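Colleague: Given next are the chains, with one letter for each unit.
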Amino acid sequence: MPIKYTDVSFTYNDKTPFSYEALRGVNLDILDGSFTAIVGKTGCGKSTLIQQLNGLLVPSEGEVVINQYVVSKNRKRRTKKIKELRKLLGIVFQFPEYQLFEETVEKDVAFGPKNFGLSNEDALKNAHDALRLVGLDDSFFKRSPFDLSGGERRRVAVAGILALKPSILVLDEPTAGLDPRGAREMMKLFKGLHNNGTTIILVTHDMNIVLEYSDTVIVMEDGEVRQITTPLRLFNQENDFYSLETPLLYKFVKLLSDQGLELNLNEIKDIDSLATAITKAKGHKK
Amino acid sequence: MLALDVKNLFFSYDGKHDAVNDVSFQVQRGKYVSIIGHNGSGKSTLAKLIMGLLSFKKGEVKVFDQLLTNESLHEIRSKIGIVFQNPDNQFIGATVKDDIAFGLENRLVPHEDMEDIIQKFAGKVRMKEFLESEPANLSGGQKQRVAIAGILAMSPDLVILDEATSMLDPKGKREVKETLLEMRMENPNLTILSITHDIEEAAISDEVIVMHQGRIILNGTPKEVFANENILKEIDLDFPFIQKMKKALKLQGIDVDNLANLEELADFLCR
Numbered sequence: 121m122p123i124k125y126t127d128v129s130f131t132y133n134d135k136t137p138f139s140y141e142a143l144r145g146v147n148l149d150i151l152d153g154s155f156t157a158i159v160g161k162t163g164c165g166k167s168t169l170i171q172q173l174n175g176l177l178v179p180s181e182g183e184v185v186i187n188q189y190v191v192s193k194n195r196k197r198r199t200k201k202i203k204e205l206r207k208l209l210g211i212v213f214q215f216p217e218y219q220l221f222e223e224t225v226e227k228d229v230a231f232g233p234k235n236f237g238l239s240n241e242d243a244l245k246n247a248h249d250a251l252r253l254v255g256l257d258d259s260f261f262k263r264s265p266f267d268l269s270g271g272e273r274r275r276v277a278v279a280g281i282l283a284l285k286p287s288i289l290v291l292d293e294p295t296a297g298l299d300p301r302g303a304r305e306m307m308k309l310f311k312g313l314h315n316n317g318t319t320i321i322l323v324t325h326d327m328n329i330v331l332e333y334s335d336t337v338i339v340m341e342d343g344e345v346r347q348i349t350t351p352l353r354l355f356n357q358e359n360d361f362y363s364l365e366t367p368l369l370y371k372f373v374k375l376l377s378d379q380g381l382e383l384n385l386n387e388i389k390d391i392d393s394l395a396t397a398i399t400k401a402k403g404h405k406k
Numbered sequence: 003m004l005a006l007d008v009k010n011l012f013f014s015y016d017g018k019h020d021a022v023n024d025v026s027f028q029v030q031r032g033k034y035v036s037i038i039g040h041n042g043s044g045k046s047t048l049a050k051l052i053m054g055l056l057s058f059k060k061g062e063v064k065v066f067d068q069l070l071t072n073e074s075l076h077e078i079r080s081k082i083g084i085v086f087q088n089p090d091n092q093f094i095g096a097t098v099k100d101d102i103a104f105g106l107e108n109r110l111v112p113h114e115d116m117e118d119i120i121q122k123f124a125g126k127v128r129m130k131e132f133l134e135s136e137p138a139n140l141s142g143g144q145k146q147r148v149a150i151a152g153i154l155a156m157s158p159d160l161v162i163l164d165e166a167t168s169m170l171d172p173k174g175k176r177e178v179k180e181t182l183l184e185m186r187m188e189n190p191n192l193t194i195l196s197i198t199h200d201i202e203e204a205a206i207s208d209e210v211i212v213m214h215q216g217r218i219i220l221n222g223t224p225k226e227v228f229a230n231e232n233i234l235k236e237i238d239l240d241f242p243f244i245q246k247m248k249k250a251l252k253l254q255g256i257d258v259d260n261l262a263n264l265e266e267l268a269d270f271l272c273r
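Residue numbers (our numbering), protein chains in the order written: chain L, 121 to 406; chain A, 3 to 273.
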């Protein structure tokens, strides 16, 4: 069990007139090797939830355990090796391209590994590998990050985290603001990493991404975890309550089921599998 | 009547390559037109040229039959309202009320009329209870709706949306779209030009313009435009869901070419 939240609450500006309880009594397990999506309205606590994972925020109550590391207020329990934890678990924040600062792309990406004690050479090698992984070839290495397009800058920022070779990758709306092609390519990259064994935790508003990529969905509302489910089960219920947009694919599935076509939902993941399921169902009818 | 008549428009940022390259198109008054294409294809540049926010190298732009020149710029802008992508970049007032009033003040609307207008348009975008709220206390969707109220309060004949919903969460997107549909029902002469990445929005527009590398490569009804599968595939643009669904069904031997929407399709499949 790599990640376990136990009775986690978090209050911003605790003990001040501005105190605001952003998480309440969260209990949660995230399995090794899963592709977990976290969904819910703006302001429901998604980003606060993931920031507990590397000790950037520490639970006001309760604790988060990531492998052998503990994030907690409790001095006896909490890990002293926060740096090791941050190497194990990398977080890509919203609009990470605004965090670039170095004069060349490769220096920016190598900054992390160097900070974790790698030699200049090894850090650059890691950086180059990570940049190629996100689809930026050698011609980008010496360029200034500030001359790149928004989508390219986003890739550089993601490479900066990948250069640390984390085994758990946490992504806060990684496709927001990208055009559809850029978003597709970004998701392909994460899927590739997941296939190679990286645990992926993804905060998103895009339900098509949830349906296509994730195996587990955590639904949050008002600082609490409301459901831990699968995409399939999630879209089979009324979601207006959580302000989630059901993907068109599922709206169509619903339209068909409501009219009596019996579809095997477990077989439906995309348009092609739905077409196959429809053909099958129609065949049975005859 | 033509809301827009653009002829052989050229524009370049760097003097070397043309960001807008020989673009011509027309939009009839009252139409909802979507412009789609990848980032960097020239969509937003085109909108800025029509607004006179950038000045073009060659060509001509007519807005409601009036030629865009330095002299007519002010009058033409008074007919156009534009909503940009980032809700935080267009909230000017200290409160919702101030923000809607800002445009009206610029148009020299008498103070005693303002209150009524503000009430009316805040009501239309369902933001009446928030008139005294500060922008920091509003969600992205609410801020965009205030921006739309501010624009509509000036009763423009043409509204340009430059990816106006792309930074919003699903609920915000839906709210903004519903607001626009209501506005159109009320004023059938309102022309909307929407720059969007949302293929499903494009599919229900009256017309679709596809831009690629500064040029218009396709222009017509959604049906006409999305029929050009090879061209769209080549530039890696997506297709509406229903079209992809029909194609997948066809591969399975179910021919549903003549059905127009998902309801008809579901009816047919469940028969």
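If you are wondering where the hints come from, they were derived from the structure by calculation, not from laboratory data. Keep in mind that the hints are not guaranteed to be accurate.
[Unchecked claim] Ranges of calculated distance between the beta carbons of each label pair, as one might list FRET restraints:
hint : chain 1 : residue 1 : chain 2 : residue 2 : range
1    : L       : Y140      : A       : R176      : 50 to 60 Å
2    : L       : R346      : A       : Q28       : 46 to 56 Å
3    : L       : K402      : A       : R176      : 44 to 54 Å
4    : L       : Y132      : A       : F27       : 48 to 58 Å
5    : A       : E180      : L       : K374      : 14 to 24 Å
6    : L       : F236      : A       : D90       : 32 to 42 Å
7    : L       : T224      : A       : N10       : 33 to 43 Å
8    : A       : R128      : L       : K402      : 41 to 51 Å
9    : A       : Q28       : L       : N384      : 26 to 36 Å
Just so we're clear, the structure is a prediction, and the values are computed from it rather than from any experiment. Every residue, glycine too, gets a C-beta built ideally from N, C-alpha and C.
Colleague: None of the hints should be skipped; say for each whether it holds.
Modeller: The hints, checked one at a time:
1. Against the hinted window of 50 to 60 Å, the Cβ-Cβ separation of L:Y140 and A:R176 comes to about 27 Å, which falls outside the hint.
2. Taking 46 to 56 Å as the suggested C-beta distance range, the pair L:R346 and A:Q28 conforms, at roughly 50 Å.
3. With their beta carbons about 33 Å apart, L:K402 and A:R176 fall outside the hinted range of 44 to 54 Å.
4. L:Y132 and A:F27 have their C-beta atoms about 50 Å apart, which keeps the hinted 48 to 58 Å range intact.
5. At about 21 Å, the beta-carbon gap between A:E180 and L:K374 stays in the expected band of 14 to 24 Å.
6. At about 35 Å, the beta-carbon gap between L:F236 and A:D90 stays in the expected band of 32 to 42 Å.
7. As the Cβ distance of L:T224 to A:N10 is approximately 42 Å, the hint placing it in 33 to 43 Å holds.
8. Checking the proposed 41 to 51 Å range against A:R128 and L:K402 shows it holds: the Cβ atoms sit about 43 Å from each other.
9. A beta carbon spacing of about 49 Å between A:Q28 and L:N384 contradicts the range 26 to 36 Å that was offered as a hint.
Of the hints listed earlier, those the structure fails to meet are numbers 1, 3, 9, in rising order.
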